[in-house]
Amino acid sequence: MTAIAGTVPSTSASPLHRRLAQGKTLPILIVLAALLAIWYAFTVYLNAPWQIDAYERAGTEWTATDLVRDTMAQERPVLPSPHQVVAEIWQTTVGTRLTSKRNLFYHAWITLSSTLLGFGLGTALGILLAVGIVHNRAMDKSVMPWVIASQTIPILAIAPMIIVVLNAIGLSGLLPKALISTYLSFFPIVVGMVKGFRSPEAIQLDLMRTYNASGRQTFFKLRWPAALPYLFTSMKVAVAISLVGAIVGELPTGAVSGLGARLLAGSYYGQTVQIWSALFMAAALAAVLVGIVGVAQRLALARMGGRS
Amino acid sequence: MNWTIAGALAFWAGAWALNERLSRLEPRSPAAKRALGLLVPAIFGITLLVVWEGAVRGFDISPVLLPPPSAIWARLVSAVPILWADFQQTFLKAVLIGYVIGCGSGFLVAIAIDRSPFLQRGLLPLGNFVSALPIIGVAPIMVMWFGFDWPSKAAVVIIMTFFPMLVNTVQGLASSSAIDRDLMRTYAASYGQTLFKLRLPAAAPFIFNALKINSTLALIGAIVAEFFGTPITGMGFRISTEVGRMNLDMVWAEIAVAALAGSLFYGLVALTERAVTFWHPSIRGG
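So the protein lines, in turn, are chains A and B.
Read left to right, the first sequence gives residues 1 to 308 (the working numbering).
Read left to right, the second sequence gives residues 1 to 286 (the working numbering).
Just so you know, these hints were derived from the structure itself, not from any lab.
You may find that some hints are simply not true.
[What the hints assert, rightly or not] Below, in silico cross-link-like pairs of lysine-lysine (DSBU-like), each with a Cα-Cα straight-line distance of 35 Å or less: (1) A/K24 x A/K236; (2) A/K221 x B/K197; (3) B/K212 x B/K93; (4) B/K212 x A/K24; (5) A/K24 x B/K33; (6) B/K197 x B/K93; (7) A/K195 x B/K33; (8) A/K221 x A/K195; (9) B/K93 x A/K221; (10) B/K212 x B/K33; (11) A/K24 x A/K221; (12) B/K212 x A/K236; (13) B/K197 x B/K212; (14) A/K24 x B/K93; (15) A/K195 x B/K197.
[As the list claims (entries may be wrong)] Simulated restraints, written as ranges between beta carbons of each label pair: (16) B/A74 x A/I169: 48 to 56 Å; (17) B/H280 x A/Q217: 33 to 41 Å; (18) A/I292 x B/I61: 53 to 61 Å.
Model, not experiment: these values are computed from the prediction.
Ideal Cβ placement from N, Cα and C applies to all residues, glycine included.
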């Protein structure tokens with residue numbers, strides 16, 4: 001950015017103005033506003049047929065303004081308007097008791113806890129596998145292709161079966177859902193960490209040898225720090241798919257609790273507003289999780305003296 | 001300790017020792033090297049199957065929980081017509097059509113916004129953000145809008161594949177170096193010429209990356225979308241109903257088909273990538 005600011009004579013010295021003119025904030029806001037406008041337009045367009053039908057059955061006279069107003073306030077719209085979704089989210093988060101099953105935060109918490117458990121397990125498993133792959137030749141040659149092949153099994157598709165089977169052998173509650181997240185999230189970690197553990201150059205490994213460093217020392221003083229940037233990048237991907245795993249894992253449990261259950265219940269009863277609000281909650285959750293990993297990344301790398 | 005388990009364990013130990021030895025070999029000819037590269041993981045895979053079979057038989061695990069590979073194979077062979085019908089419904093219709101439309105539109109939109117730096121700055125962060133979202137959640141909405149048959153599944157696949165393609169293509173188009181673009185300018189190359197002769201080829205590794213990511217995403221999207229409502233065929237439908245009827249060998253057969261289809265799809269994209277981006281260091285080297 002500074003290079004561009006140097007070549008283009010800036011009319012204003014204020015950093016805020018420059019940020020708006022050259023940064024990403026303004027374009028993002030404008031694109032978002034455009035998306036919102038398109039959404040409203042589609043709300044009217046998609047909900048109009050049902051509304052016109054309703055008018056004709058009631059035999060009322062209607063004008064275009066009536067139509068626009070009523071299409072945005074339907075009980076079960078084809079596409080709810082943005083403010084309906086916001087109102088629903090507000091009502092189900094702030095408007096109800098936190099312990100109530102109608103509270104969206106309650107469902108988000110259920111999903112979040114299995115996401116985090118699965119993500120933690122997946123990260124640990126991924127790092128362990130990567131350590132094995134880097135240090136053992138036979139494991140490298142035989143396990144790595146199957147790690148890749150394991151991801152061609154659409155685990156999300158067999159999530160229901162895994163939940164049912166694990167329930168049958170007595171595992172229920174949080175763990176089965178978390179295991180699906182684990183299965184999904186270990187893959188990017190393994191791939192990233194194998195790359196990361198191998199990122200020290202030969203000359204650096206040679207230096208460790210001249211120091212007469214043991215395998216342990218080489219690992220903790222050279223390989224591990226070198227792999228950290230890779231770890232955080234993989235963790236961002238892993239946490240996002242852990243959330244997807246947790247949501248899909250909730251589908252077969254009979255729609256009791258969690259964001260996935262809200263989606264399923266909403267689709268059974270045609271509650272589109274509920275589906276959209278659960279969807280937005282999931283999106284917010286994903287954004288917060290990825291954001292937290294990003295902050296951790298910046299802090300850790302800053303402590304190591306690197307550029308983020 | 002019964003003999004089946006002991007046999008399976010002995011096989012495992014033998015295969016592990018064999019692999020340990022094989023991976024220490026340093027064959028001279030490239031053909032032998034490639035054969036070894038296939039043999040070692042193949043032995044590992046067979047070991048997994050043998051241990052699975054041995055464990056199921058040895059510990060007397062009920063087939064309701066985990067059927068042995070032999071039973072799955074028997075079911076796979078006997079249920080070919082059903083599996084084929086499901087495959088047609090899910091893969092040939094929903095996945096392929098959604099994949100082509102999703103990747104194609106992502107590609108075209110990327111080329112369109114590439115001309116406007118303003119849109120790039122506005123859309124790229126959003127595209128990156130959307131790629132991290134649990135998009136699979138739109139499945140119930142799509143089923144509501146487009147009905148139970150394959151168009152709703154294709155719609156989910158389109159949305160899932162669109163953003164990775166968009167983000168990767170925009171990045172790829174920006175990846176040609178300034179000096180190369182300056183060269184094109186000195187040749188007085190038009191926008192179209194620069195695009196087709198320089199920037200699209202330079203973007204190819206990124207585009208294929210997106211195609212590979214999308215090949216697995218598309219299959220998952222189509223199968224999960226079927227949980228929210230389908231006609232009476234389709235891989236996702238079969239999996240969810242057979243789980244309910246405790247026919248787990250059928251479920252595993254369906255999973256085997258899905259895994260095979262997913263791997264072949266991925267392999268096909270990877271082979272095309274090799275042919276198209278033969279100049280890229282990662283391919284020249286390997």
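Cross-check of the supplied hints:
no., hint, result
1, A/K24 x A/K236, "holds, 21 Å"
2, A/K221 x B/K197, "violated, 46 Å"
3, B/K212 x B/K93, "holds, 19 Å"
4, B/K212 x A/K24, "holds, 29 Å"
5, A/K24 x B/K33, "violated, 50 Å"
6, B/K197 x B/K93, "holds, 34 Å"
7, A/K195 x B/K33, "holds, 22 Å"
8, A/K221 x A/K195, "holds, 17 Å"
9, B/K93 x A/K221, "violated, 53 Å"
10, B/K212 x B/K33, "holds, 26 Å"
11, A/K24 x A/K221, "violated, 38 Å"
12, B/K212 x A/K236, "holds, 19 Å"
13, B/K197 x B/K212, "holds, 23 Å"
14, A/K24 x B/K93, "violated, 39 Å"
15, A/K195 x B/K197, "holds, 32 Å"
16, B/A74 x A/I169: 48 to 56 Å, "violated, 24 Å"
17, B/H280 x A/Q217: 33 to 41 Å, "holds, 37 Å"
18, A/I292 x B/I61: 53 to 61 Å, "violated, 40 Å"
Hints 2, 5, 9, 11, 14, 16, 18 from the list above are not met by this structure, while the remaining hints are.
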